[in-house]
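Trainee: Here the protein sequences line up with chains A, B and C, keeping their order.
At position 232 of the first sequence (counting the first as 1) the number is 231 in numbering that gives the first Met the number 0, and the numbers step up by one without a gap.
At position 384 of the second sequence (counting the first as 1) the number is 383 in numbering that gives the first Met the number 0, and the numbers step up by one without a gap.
At position 24 of the third sequence (counting the first as 1) the number is 23 in numbering that gives the first Met the number 0, and the numbers step up by one without a gap.
If you are wondering where the hints come from, they were derived from the structure by calculation, not from laboratory data.
All residues carry an ideal CB built from backbone N, CA and C; glycine is no exception.
It is possible that some hints are incorrect.
Here are the simulated DSS-like pairs of lysine-lysine, each with C-alpha atoms no more than 30 Å apart in a straight line [to be verified]:
#1 B:Lys42 <-> A:Lys126
#2 A:Lys33 <-> A:Lys73
#3 B:Lys349 <-> A:Lys122
#4 B:Lys49 <-> A:Lys126
Which stretches of chain B does chain C cover? Using the computed rule of at least three CB atoms under 8 Å from a CB of chain C, they are [said to hold, decoys possible]:
#5 44-50
#6 167-178
#7 194-201
#8 270-282
#9 372-386
Looking from chain B toward chain A, a few residues come up when the C-beta cut is under 8 Å (computed) [to be verified]:
#10 Gln10
#11 Phe11
#12 Arg159
#13 Asp288
#14 Gly297
#15 Ser299
#16 Ser301
#17 Trp305
#18 His307
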Amino acid sequence: MADHLLEVDDLTMYFHTRDGVVKAVDGVSYTLDKGETLGVVGESGSGKSVTALTMMGLIQMPPGKVEKGDAKFKGRSLITMKPEELRKIRGNEMAMIFQDPMTSLNPVYRVGHQVAEPLVIHKGLSKSEAATRAVELLRLVGIPNPEDRAKDYPHQFSGGMRQRAMIAMALACDPDVLIADEPTTALDVTIQAQIIELMQELQQRTGSAIIMITHDLGVVADMADRILVMYAGRPAEYGKTDEVFYHPLHPYTWGLMDSIPTHNLVEKSELCPIKGQPPSLVNVPSGCAFHPRCPYATDRCKSEIPAFRIIEGTHGAACHYAGDPDFVRACAVGVDE
Amino acid sequence: MFQYILRRLLQFIPVFFGVTLVLFLIAHYLPGADPVQLRVGEKALDPERKALIVHQLGLDRPWYVQYGDYLSGLSMIHPVYYDGSEITGDKGVRAEVGTIAAIVTRVQGDVPAGGATTYTPRSGVIVSRGQWGRLALGRLTFEFDPLDLGNSLYQGRPVRDILGQAYPYTFELALAAIILEIIIGIGAGIVSAVKQYSFWDIVVTLSTSILVSVPVFWLGLMLQYLFGIWLKKLTGGAFYLPPMGAGGTSSNFPTWVYLILPAITLASVSTAYAARIMRSQLLEVLGQDYIRTARAKGLSPSAVLWKHAIKNAMIPVVTFIGLDFGAMLAGAILTETVFNWPGVGSAIYKAIVGRDFPIVFGGVTAILLVVMIVNLAVDISYAFLDPRIRYDAGGE
Amino acid sequence: MAEHDHKRPHDESRLVQEHGVRDSRSGLPAVPPITEEVQHLHGDIAAGRTLWGDAWRRLRRNRLALVALAWLLIVLVSALTADLWVGKVFGDPKTTNSALAMKNQYLEPSLTHPIGTDDFGRDVLGRVIYGARASLMVGVAAVGISVIIGLLLGALAGFYPGVVDALIMRATDIFLAFPYILFCILILAMLPPTVRGIGPVILSIGLLGWPSFARLFRGSVLSVKENDYVDAGRAIGASDARLMFRHILPNAIAPIIVYATMSVGGAILTEAALSYLGLGIQPPEISWGRMLNEGSRLIMSHPSLAFWPGLAIICTVVAFTLLGDGLRDALDVKMKD
């Protein structure tokens, strides 16, 4: 794998506001290849969405500022690129869909028009050509009667259909990377499954890479090839899906696993639930950001920021004691209540 | 969509009756005012004569009957009763006549077979009834006429004529003001929102905040002085003397020059509101998710602004400006008074000073009617502007 | 970690949770017996702690609002005390003595007459100060009337949905259809000049302003009615009126206060317009609008006569608006219309 499709390297982006510096993205790294699916997991406020938005150039640059690091798409830096250049990639080779389909579609334009728009801008199609293609796209995402539905307005669509339309819109220009930011959170459970299925189908057909951002581990368990767990803007753990699920390294990941309602993947009964709230990104705790909520935190955790270390292959975590078997055993014994 | 329109129309009906009822109550039962004097002028009347006039004006009948009569012309009195400087001694049969299209009145006495009937309540004044037709059903007769607002006390003309002559001026003024408001208000609002917190934004926000607190007529006076005296040399005396009456006096300038200052004055406060609303609406829209989607699709910033954002933000703004047009017609009275612009407002003001009540009442009524109709039209137009209403969510 | 003791009755613990009253000795939630007085105490304490105390603190931080408040206090004090001192310092502001007029007409600004004299030789500054009385009185009294009527009708509409509510709402529609000024002009024009004066002005402005307050209060009543502690109050038999006064009013009053403050500015502008047309304050009484009326005739020769009262109006109206804005932020009121 000489050249990755997308390569994020120590990407760091802070917001400089009147109330302080918000460390939204703090040293995130990962790679993405063609056809691969990356699951980015974390609570709200973990920076998982902001990372993607930064790459897409959708963050307002004051007050935001990329402090260091880079994100390369097809070898070109998205960060240092000129805005006009980035705009040509956005919606074209890299596309994004968002959480709430209700509010993410413009209420005063017909759905067909909105789906066709990227084709007109990026591929130079005429309005009628784009409109025809839009109908095809709507059909592709499973919307019945697409010729008629394309003439409808968003408020005439149901929630699930709206999200399908969003997907159609994102796929219009055959993007190499599709970023899905919590695509199913605002939908009800049965529709969620349909949308996930649809995305997998489309991925098989088009071969595009997907970044699936979610707080729901159940969603990525199926779909993702790799998982990045984020906490307080920093990467907590990264690795292949099986590795992360069956041999989690970071105490935060342990906590997340335990909160899965349906799966019962882990046999270790000594894992315990995480209490507390995610930290404010303006006042990130000293040392390891997770230490206030970590039941196993030591003094070292409070003072020293753990660097992200590879433990095995591509699987790594940012914890001083990651992969330390004595430590894991000690936790297993001491915490049971 | 039709449901929406229907609902609006249905809501309009009680409002219409409510408003006319309030007007009626003011005309007949305002505490402190003498209904006879309002209709006949202020002169001393001995009790006998007064009682006769009361009877002839129909002021001794039950209030609902009077209300019905009132609705028939929306005027304070019916011309057939009033004859100007003297009330005839004839107590004979009165034909209660006059309708506005499709509103009923009762008719007593002999009903002419067909066609319009004419009355001469006073020399020089001919009133015609049933001009648009007549329909008899038993004791009820429907007569269809254009709107009648009574006769002036001292000008010897029907109020309708006076207002008809004045209306084009007011309309012209309001139109000019609206155009100014649209261009400047919307423009300033957009710039202010797009370049938030910039110098321009601060200027707009500050000046609109102050303008909203300025008495419109004071602004007019100041402008008049500013351009008429201070800058007299610069503007060649164009604004020194406001026009007197219709064609202006000996003026070296085309009439539209005289429109400039009044239009600016009338537009000023409204423009401030429009700019603020445009700004806040646009800011709100720019924060919406679908704008983020548009950006994510790779649209250029100007395309995002003009194609996606403004189209959404404009809907309430357009509605506001539409309603404002009605408000301008109403508020023109102050501006016209300052600049002596011969519109409806001026006519009303002169009538107030001259105590010519039918003109005051008729003028206010006419403006109210227009405002109500404009508001209704704007309300209904909203259905066409917002696709969410135009196409009811049926396919869910 | 101690949890709430759920042995206590449901209503009580909810009240405690909402108002957070704690027993000072044990630190546990204090639950005194539920009597009516205590109910009110809870409500009042909650209102006191969360609304007024905080509000005052927040208001103090808003410099613009404080400046506005200072100006308004100056105006108010001058208005209230005008009778006592204006005559002595500036000469009789109402005089129509023609001998005096000939002597002092149109004097230039000087130490004794800081902004000159008018066509009757009266000191303009003195008249402006004196005029504050009538203008303020009209503003405050008219809004007061609107508020009282509005509160009454709004409460009725909120408490008795159905016919009563519908009727009152229709009435607001009807009154809102009137352009403000026209209505007042009509009423005042129909009155013979002898009857005109400050009373009718106040009444006509006040009688037209109630719909907004009624709608506002009705909204508050409707939303507060949903609240649990009102139900709890009802459960112990508090009457409608009592509920209204003790529970609903403190919470619902905030938007009313804000809107009332801002409305005073509008009332002052309306008074100015009416007096300018000759329908309001009658000579020799003074108000700012009245001064504008007299000044307008001399605008081309002596613009200062109209300029200063206009400026006074602008400053005062702006002050009321700023104060209203400040109150809205301080009371954290979200007003929907």
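Trainee: Does B:Asp288 pass the interface hint, meaning its C-beta sits closer than 8 Å to a C-beta of chain A?
Mentor: holds (4 Å)
Trainee: So, B:Ser301 near chain A? Judge it on the closest CB pair being under 8 Å.
Mentor: violated (12 Å)
Trainee: Counting residues of the region 372-386 of chain B with a beta carbon closer than 8 Å to any beta carbon of chain C, are there 3 or more?
Mentor: With 1 residues in contact (Cβ-Cβ under 8 Å with chain C), the coverage given for the region 372-386 of chain B is violated.
Trainee: Using Cβ atoms only, decide whether B:Ser299 comes closer than 8 Å to chain A, and label the hint accordingly.
Mentor: Because about 7 Å separates B:Ser299 from the closest Cβ in chain A, which is inside the 8 Å limit, the hint holds.
Trainee: Can you tell me if the region 270-282 of chain B counts as covered by chain C, using C-beta to C-beta distances under 8 Å and a minimum of three residues?
Mentor: violated (count 0)
Trainee: So, as I understand it, the hint says B:Gly297 touches chain A; can you test that by seeing if any CB pair is closer than 8 Å?
Mentor: holds (3 Å)
Trainee: Against the 30 Å threshold, does the CA-CA distance of B:Lys42 and A:Lys126 hold or violate the hint?
Mentor: violated (76 Å)
Trainee: Hold the hint about B:Phe11 up to the distance rule: shortest CB distance to chain A must be less than 8 Å.
Mentor: violated (26 Å)
Trainee: Against chain A, with CB atoms and a cut of 8 Å, does the hint on B:Trp305 hold up?
Mentor: violated (13 Å)
Trainee: Is the listed coverage of the region 194-201 of chain B by chain C valid when you require three or more residues with a beta carbon under 8 Å from a beta carbon of that chain?
Mentor: With 0 residues close enough to chain C, the hint is violated.
Trainee: B:Lys49 and A:Lys126: Cα distance at most 30 Å?
Mentor: Violated. B:Lys49 to A:Lys126 sits at ~78 Å, over the 30 Å cutoff.
Trainee: Between A:Lys33 and A:Lys73, does the CA-CA distance stay at or below 30 Å?
Mentor: The given pair, whose Cα atoms are some 11 Å apart, holds under the 30 Å limit.
When held up to the earlier numbered hints, the structure conflicts with 1, 3, 4, 5, 6, 7, 8, 9, 10, 11, 12, 16 and 17 and fits the remainder.
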